[in-house]
Amino acid sequence: MSTQKNTRPSADGKSGQARRRFLKEMAGAAGGACMLALGVGLYGTEASARPASAIRPPGALPEPEFLAACVRCGLCVRDCPFDTLKLSELGDNVATGTPYFEGRKVPCEMCEDIPCVKACPTGALDRELTDIGKARMGLAVLIDQETCLNFLGLRCDVCYRVCPVIDKAITLELVHNPRSDRHAMLLPTVHSDACTGCGKCEHSCVLPEAAIKVLPYALAQGKAAEHYRKGWVEKEAAGGSLIGEQQQLPMRGLEDRKYGDTRVAPGYVPPSAEPSRPAGIDSGWKP
Amino acid sequence: MSTVSQTHTAVPATSVKGAARAGVMARPGAEAVQEKGWWRAHKWLLLRRASQLGILALFLLGPWFGLWIVKGNLSSSLTLGVLPLTDPYLLLQSVAAGQWPYKEAVLGAGIVAAFYLLFGGRLFCSWVCPVNLVTDAAAWLRRRLGIKGGKVPSEYTRYWLLGLMLAASALTGSLAWEWVNPVSMLHRGLIFGFGLSWGIVLGVFVYDLLLASRGWCGHVCPVGAFYGVLNKTALIRVTADKRAECNDCMDCFAVCPEPQVIRPALKAVAQDHPLILDQDCTSCGRCIDVCSKDVFRLTTRFDRSES
Ligand code: SF4
Ligand code: SF4
Ligand code: SF4
Ligand code: SF4
Ligand code: SF4
Chain A
563 MSTQKNTRPS ADGKSGQARR RFLKEMAGAA GGACMLALGV GLYGTEASAR PASAIRPPGA
623 LPEPEFLAAC VRCGLCVRDC PFDTLKLSEL GDNVATGTPY FEGRKVPCEM CEDIPCVKAC
683 PTGALDRELT DIGKARMGLA VLIDQETCLN FLGLRCDVCY RVCPVIDKAI TLELVHNPRS
743 DRHAMLLPTV HSDACTGCGK CEHSCVLPEA AIKVLPYALA QGKAAEHYRK GWVEKEAAGG
803 SLIGEQQQLP MRGLEDRKYG DTRVAPGYVP PSAEPSRPAG IDSGWKP
Chain B
117 MSTVSQTHTA VPATSVKGAA RAGVMARPGA EAVQEKGWWR AHKWLLLRRA SQLGILALFL
177 LGPWFGLWIV KGNLSSSLTL GVLPLTDPYL LLQSVAAGQW PYKEAVLGAG IVAAFYLLFG
237 GRLFCSWVCP VNLVTDAAAW LRRRLGIKGG KVPSEYTRYW LLGLMLAASA LTGSLAWEWV
297 NPVSMLHRGL IFGFGLSWGI VLGVFVYDLL LASRGWCGHV CPVGAFYGVL NKTALIRVTA
357 DKRAECNDCM DCFAVCPEPQ VIRPALKAVA QDHPLILDQD CTSCGRCIDV CSKDVFRLTT
417 RFDRSES
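Heads up: the protein sequence lines correspond to chains A and B, in order.
Counting with the working numbering, you get residues 563 to 849 for the letters of the first sequence.
Counting with the working numbering, you get residues 117 to 423 for the letters of the second sequence.
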């Protein structure tokens with residue numbers, strides 16, 4: 563070993579010139595390497611953003627930890643029986659070599675045995691996830707209420723029907739249709755406590771561009787301020803109002819009704835008011 | 117030219133030294149082909165290519181023909197469903213970035229590190245790494261076209277980069293070198309699809325061809341530097357045990373990817389035994405192939421004999 567060291571100019575101790583040359587070379591090497599490292603570091607920081615359509619596999623650690631843990635081996639990709647996952651290529655705008663999928667292209671089929679998670683050797687996909695129903699790859703959002711057919715009053719329901727967690731992750735909420743005034747609208751509504759972000763709904767939306775989309779959590783959800791409290795939740799938890807029951811004042815003209823009942827019968831004309839302008843088709847107005 | 121080869125019968129005009137005297141382009145290895153025949157003069161090169169392409173083929177059998185012997189890529193793989201292998205330098209970056217990986221990856225990295233520690237780290241560079249095909253091609257073309265010049269960075273750059281990339285991983289919390297690493301870009305590209313990563317590989321080729329002779333593998337690549345560190349105790353080593361026969365044709369220096377490692381052994385500079393112990397020697401065997409006098413031989417680090 564010592565003889566081997568001697569081949570390096572550093573040990574060429576006899577000549578100070580050689581040592582100086584060596585130190586200069588070292589400084590050059592350090593400088594060059596620093597420049598390169600800085601470039602790579604800056605590029606890495608720049609390139610670690612991820613487009614909203616790119617969803618990580620089930621069990622993926624939060625994005626920053628994921629980028630530190632995933633070695634980009636593609637074993638998860640190989641064990642996905644539905645070819646859902648793909649390793650990002652340079653130019654995909656996802657950290658090169660990391661796995662992702664796009665629900666609109668190939669959604670995750672929510673395999674019960676979660677082979678992708680089992681295949682990951684590093685823990686970038688967390689094996690704590692054993693129930694695929696608890697996966698939170700992203701959150702579906704009915705993002706365009708102007709084109710969703712159900713919001714237009716039709717009965718498409720496709721996103722609802724295909725959901726593997728139907729009636730929990732996505733429900734159809736019955737709402738009065740103010741346009742026709744005589745029909746109902748069944749609004750697809752996603753619930754974050756059950757949606758896994760599998761992307762089946764986005765994949766099967768019948769529109770040329772899906773009105774429901776799975777987004778990464780950071781984009782899909784708002785966040786209430788820490789100090790906000792919901793009065794009704796607190797009241798139930800405490801078994802009664804914390805600030806004493808509120809005063810109930812009588813409502814003039816509605817004294818015979820129960821508190822809060824402001825419903826108005828069809829054709830009801832408030833005393834001493836002009837007959838109102840016909841509103842909808844079913845307004846009761848006759849020529 | 118004929119007069120030159122007559123005056124210097126010991127050194128043929130095709131060799132580096134002979135060509136320099138004659139003022140023509142050198143064809144290192146041509147003399148060895150004449151003396152030993154084409155096959156013997158390319159033995160180690162052919163074996164290395166078989167190893168490099170064979171390993172690549174094992175990875176490609178799955179995606180191309182559905183024969184899943186090896187899954188994954190050089191970063192981490194699973195062979196026959198039981199043998200995990202992981203790149204230890206990659207895993208070190210992951211640990212530096214603050215993640216402690218599962219035991220499969222740790223075991224895989226341990227197996228790889230143990231293998232290379234025992235037999236020689238830079239065997240990876242000459243017998244496994246796909247970028248070696250690219251930089252060898254660039255070096256060959258550079259010799260054939262007689263391209264000179266450019267600016268070669270210090271050979272210590274790679275060792276600085278090796279450490280700085282671990283520091284950058286810790287600072288940015290991600291696998292820093294993986295943002296650009298041509299080794300994984302090329303290997304993953306071939307197996308999973310390139311995207312634009314071929315640009316990085318092309319960059320390495322052009323860099324080695326035009327800007328720096330053997331610049332990438334010999335001076336910049338921190339992966340090679342990491343395997344160089346594992347190469348300190350390499351069992352497999354090259355010896356110049358018949359150095360007495362050397363006719364100073366300089367062909368070995370011309371083809372060696374790390375020419376600085378040859379002199380101490382061949383010319384007995386700062387060492388007396390003929391063993392090439394420098395950690396930068398990749399045990400590629402090119403010096404063995406191109407030497408018409410059979411000066412070099414593959415052996416173990418304990419064989420210091422000279423004949
Ligand atoms: S759960 Fe199944 S379909 Fe979904 S990504 Fe994993 S392996 Fe693929
Ligand atoms: S198996 Fe794990 S480490 Fe490998 S690419 Fe998938 S997530 Fe990354
Ligand atoms: S992504 Fe869509 S289909 Fe999948 S669980 Fe959520 S709502 Fe259901
Ligand atoms: S130095 Fe780097 S690129 Fe070159 S062969 Fe070794 S690992 Fe591959
Ligand atoms: S000394 Fe020989 S075996 Fe070592 S790197 Fe150079 S050519 Fe290859």
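Check before you lean on any hint, since a few could be wrong.
Stated by the list, open to error - Pulled a few chain B residues facing chain A out of the computed Cβ check, cut under 10 Å:
(1) 170
(2) 192
(3) 216
(4) 311
(5) 375
No lab work stands behind these hints: they were computed from the structure.
Quick reminder that beta carbons are idealized off the backbone N, C-alpha and C, glycines included.
Exercise. Taking each numbered hint in turn, which are not upheld by the structure, reported in ascending numerical order?
Worked result: When the structure is compared with the hints, numbers 1, 5 turn out to be violated.
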